[in-house]
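Engineer: Chains as they are written, first to last, in my numbering: chain H, 196 to 1237; chain B, 2 to 492.
There could be a bad hint or two in this list.
[Unchecked claim] Computed footprint of chain B on chain H; a stretch qualifies when at least three of its residues, placed anywhere within it, have a C-beta under 8 Å from a C-beta of chain B: (1) 620–628; (2) 1118–1125.
[As the list claims (entries may be wrong)] The calculated lysine-lysine pairs, modelled on PhoX-like cross-linking and capped at a C-alpha distance of 25 Å, are: (3) H:819 x B:25; (4) H:570 x H:730; (5) B:233 x H:819.
If you're looking for bench data, these hints aren't it; they were derived computationally from the structure. By construction, the Cβ of each residue, glycine as well, lies at the ideal position given by its N, Cα and C atoms.
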Amino acid sequence: MKKLLQSLFILLFIATSAIAQDRTITGTVTASEDGLPLPGVSVKIKDAPNSGVSTNAAGKFSIKTSAAAKVLVFSSVGYLTQEVTIRGNVINVSLEVDSKSLSEVVVTALGQKREAKSLGYAATTIDASKLTAGRSTNVVNALAGKVAGVKILSTGGATGASSNINIRQATTFTGSNQPLWVLDGIPIDNGGGGQSVNTGSTNSNRGIDLNQDDIESVTILKGPAAAVLYGSRAVAGAVIVTTKKGSKGQAGRVELSSNYNYIEVNRLPDYQNEYSQGANGLYDSYSQMSWGAKITGQTVTNYLGNPETLTAYPDNVKDIFKGGYNLQNNVTFTGGTEKSAYYFNYGNFKESGFIDNNTLAKNNFTVNASTQLSKNLTLSSSIQYIHNNSVGTPTGNARSNPLFDGMTLPRTYNLANYPFETPAGLNNIPTSRVNNAGYTYYNILGTDNPLWSIKYVLYKQKIDRAIGNVGLDYKIADWLSANYKIGIDQYTNVSKTINEKSANNNQSASRAGSIIDNTTNRREVSSYFNLVANKRFWKDFGARFLLGNEINYRRLDQLQVTGNGIQAAHNYNISNTLTYIPVQAITEQSLVGVYADISLDYKSFAYLSFTGRRDVSSTFAPDKRSYFYPKVDASFIATEAFPELKQNDILTYLKIRANYAKVGREAPVYSTGTYFGTAGPSDGFGPNLVFPFNGVNGQTFSNAAGNINIKPEFTASREIGLEAKLLKDRLSFDIAYYSTKSTDIIFSVPSAPSSGFTSTLLNAGTLKAHGIELLVSGTPIKSRDFNWDLSVNFTKGRNEVVELAPGVPFIGNGGFTNPQGRIVTGYQYGTLFGQVFKKLNGKDIVDANGRLSSGQINTAELQPIGDPNPKWTGGVNTTFSYKGLSLSLFADIRYGGDIYSRTITDLRRYGVAAETGNRDRLYMHNAVYADGTPNNTLITAEQYYSDLYSSAAQQYAVFDGSWIRLREATLSYRIPGKLLNKLSFIKGINVGLTGRNLLMYAPNFPHLDPENNLLGVSNGQGIEYNGQPQTRTYGGFLKLSF
Amino acid sequence: MKINIKKIVFGLALAMTGLSSCKKFVDINDDPTRLKDPDASLILPAAEGNLGFTMGSDIHRFTSLWVQQFAAQGGGSVQPTQYDKYAVGEGDINNTWAATFAGTLADLQKVIEKTKATSPKYAGVAELIKAYVYQTHVDAYGDLPYTEAIGYEANLKPKFDGSSAIYDNLFSLIDEGIADIKKASLLAPTTDDLFYGGDMDKWERFGNALKLRMYIHYFSTNGTAADATRAKTGITAILAANKLLRGNTDNFQMRFLTSANQTNPIHQFEGSRPNQFFPSKTLVDIMNAKSDSRRNSYFTLQSGTYIGATNGNGDVVVSTAFSRMSTYLRGKLSAGAYSGEAPIRMFTFAEQNQILAEYFARTNGGNDLLTADTYYKAGITASFANAVEFSDATEASAVSSGLTAYLASANGTLVTGNALQKIIEEKFVSNFGVAIEPWTDWRRTGFPVLTPVSPSTAVPRILPYSFNERSYNPNTPARPSVFVKSVFWDK
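Only chain H is shown next, with the shape it has when bound in the complex (with noise of 0.2 Å):
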């Protein structure tokens, strides 16, 4: 070895001491799309290796040469190479971008910048313009529709809430199937935006405090082969986030942007205007019902007591709403030295959502710098400091939740009308029928007024955190370096629930209100070292060698005091509460992974590459700690192989590839063990006993057993996978087939309760998944000014639920007793369920009054009624360009999923929905008797639509989903630099409009936008449950580079 590095010296020192350098040529260096200089081109005498210069900021080299030297080469990343005969000592050259090279170099696993072709997998970049073209709050929604396999599903339309995202099928039952997040070579946390089905308001995943316009690209890993090197915590992909950097030798650059867009809701359910409050034709001012009398002017006596003629309210549901907004300003400041680069943003982001009290405000600060210390030597940081303040309003199955009836309110009822809340700021709700000019609401059933708890039923969070590394890359000889990095993220969230005293809701019993107050830290420190060789040798074989290591902890500390029974209204602090419960969790975590890459290619046409890698995880217990995994990957490139392939330019590019690779999953924490529990009884109907009672603590068995010899749940997957450029690359294609298996999956294992416990987690079960995804883009017109590029892309994935564990049916994935999601063998994963009517012969039955009452119901088995899982989804992008002026237009579709909603349920059971108006007529349930004749009762339209909408039977209370939407849309303008001559000191402006989810189409789903998830960032979905209505958004933006 040593001997080998000595000769390599020598040759080195032989073959650069014989150039004689005897003229300098200068030049300056352009890009030929704006004709600014270039700094940081590379310039080199041909078949000189050694020669180079860079040029500086103003775009100018100065290069010596020998006398024999013929020609210089001009290379640049983003831009064709050019090679330039030296004729005279000056030479001015304009480089041309490459269209196809930003895509060539893909940042993979661990920061390994690699060739596109020698993937072997899939790995897909989406850059800044295309993730802020439609605005939006989350970052994880400007990834909706883009990439092929990535599945993206809002919560909702609240400011803030939350997105799930699954890059290809689910791989486990009950563990998380979201990717894992890394920004900038380090794991960041995107947990939180679990929805709970009774409690809670709005949670955010914490992803949303990246500041988008931070973000130079995203590239999704997709699937284990992509992701192996990222380990056990990667099973389900990775989303690579790569911030803006300055680079060196650039002059320094100031930008101002800012952009504003208009919040609204994008669909408000149809209501009938014809028949007032009440039941069985008659007006009924307690009544949640508009099943009441016919409006026809007629006074009559309200809830307070009070005569008020009858008017129906068209716009009584869309007053709740009003017109929010958002507001974001970045100022940047980058730039370069010769050794040096930094990047320094700061952005500010205000939103104000559609019902008052949402709000969230970010203030983000980024530091990007890097510096060569040595001419081997570089050591290169980011650090960002966020701050999140936001406040949400209560969701779900809460009767504090604004829109618990807020969309189904009686037609004659408008809130304005009426007192909201008692002198003293409380809700006064009726709690018999005797009128009372004292009551804020009419609801006898316990809901609250909307605007009360708009006003007083809060959820406010504030998050600082700061997310950092340092690195240190050290160039040890041509072909070989090493670096390490370490990292940060850290958060503190503080968190206040109130729930102001009389309000109705669990963490409100008997109307006594209470304060919640959280606060939660989390920790994750990594830490990197990896080692890469690259060599080529005999001429033809080159090989790539990573030898790496990771240590990941990660820790969580929560301490919760809940406080019940405010005692002095709208005093908010802890202290002015009755009883206490305090709750504090700790988790810790780590995980040491070992890693090696050996990639191997032949003529830069066939690669080969193996990846292996060991964990230890402290999830297990020692003697399952250790495991390991590998991974291969092979792409061939057959355009270059058989060159003759390209010759007439209509097929340009081929490649094949294919891989297979096994991750293994950890554990959850703690997980070995079975532990006790604070005890703490409760039903799900709001009733519950707190402990320490009467001055004694309770501990109480956990229900779910932990498992000493829990080991790792492992996926293998395997992936196959063409990528073509045809007709001088304009056209190119991506296809992909991948299937994965999971076995030994790690879940809690439901049990029979009458055991003592009523799961126990266990390795059990078999689930599968295979997918195709399909890339098509192309630019139909390109000329000198007008460009068209247009990408389609496809998405089709199902799973198999192959084997749950023995003797257990199902696994439930959320929702309520009925309906629920489900995994169930032989169906799709999370398949919903619920009761259905009892059937004869396929139909339903009536009683002997032709109505399908709650007896009717099957109440013994629930039966599967939908599957949330859509069978295929797209994405069309596209972009017309001309001059400095370009349209962009993202359309998201979606084909199929279904979807339970309470809200459609609650509209025709009420009597709101512009369908139920038809009131003059008589109905029939199409079913049949119990002996089996038809049935030929008939009912009114109260009967027939209480029948059928009952929240018993969820049976025609699924819709499909299906969707087409234009997404994104963004008109930009980036005014020529000729027109800002007179503005010298101005190098640019950008102007433009940008919107988003303008236009939507669900032929299938009546009333309301079907993207809306009661659960949030979970592994459920197809269920919406009161949710907020989603939103259009659209606004303008404006940016000044100095």
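Please arrange chain B on chain H, whose structure you already have, making use of the hints.
Structural biologist: For chain B alone, coordinates are given in the frame of chain H:
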């Protein structure tokens, strides 16, 4: 490039330290905030609290609606109106079933395992509570996992035992519990015993009273001579030992507190789901017919009278024009608000008296009415005394002043012919708020006479099994219908 041996050695040493500290780095899988093996004094309150809560929660709602002590209101979309129409599905059973088996019984088992050898007073108390849980739950569900139940990981699919066999086992379990609480014990329950505060004498009395309750169940409409003999033998022995509840202070109950989330769960339900759970017309009418002065603390006045809600029509006829439960179940009333501290009563002195009244009315050819009448009157007196537990002075005097007249009237005196009906109706009234037992009495005796809610033609006689139990335990027997007689004594 010169290879530095020192550097290599140093590097290797560093790597070695790294490896050994790596073990420490990943040895962090013990939860620092939770206990793996707490003392029995921490587990017992959890088991008792869970039981006290459960008996005022789902299982109380189901059974008290079916036996028409309560009636549901609020329209078809609220669960109680569905229960009231006998639509209690397997899914509705999940919570209460899990709370009992994976909660109360699992914790009691831990107490027994931990203390049987060295602190048997704890084990004995746990055994007696376990006997009560099984007695009530066998009555509600029939066959249950008993011998193989609560085996934790070792047996995830326990077999079910016949209801009769479980009763047999419970008698010995009670004996075992009583024996255990009399043994010397390293540790003994005190304030951590939420029911009796560690008073072992009271626990023994309760154990015997519980046996009494079980024996009386052997008497039913079509009970056999063998059943009667068994009950007679058992009760005779208990009476001979003469160690029974002595008064309301010996009642088996869980007292709640006035602080939020620590109040009586029936009271809490009224707060969180107002206008859904009203006293039933059946109960109110029985008391109205007798001008029963306990109505003062049982119910609120509605337009100057006591009006109960009709069972089974709360899904259609929505109204709140009914009397509501009052201090007896909700605690002291002050400035229009109830304190919520009333206990969940699980076995009262009044019930013990009525059991004995029934026993004497049935034995000796049914003509020992004199002894029966003594117990009958003692039961009524105990119930009246209990009824004023949370009354203010005015209410207390209104209730108490009615007692003398009540006892003196035909309502307070047993005569041949309808003695059984009178006793059970009296028990029905005094067991207001007690889960399961009034329904058991109706199933055994047919009293009080109940009209099934429309369109049903019968009142349910059994609860469904929990959906989760049936789904994950293949040993769960089929349960064709809630109207089929299923418990061994239901003949």
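Engineer: The structure should be examined with respect to each hint, and the outcome stated for every one.
Structural biologist: Verification of the hints:
1. 620–628: Since 4 is at least three, the answer is holds.
2. 1118–1125: violated (count 0)
3. H:819 x B:25: holds, 16 Å
4. H:570 x H:730: holds, 20 Å
5. B:233 x H:819: violated, 61 Å
The structure shown violates the earlier hints numbered 2, 5.
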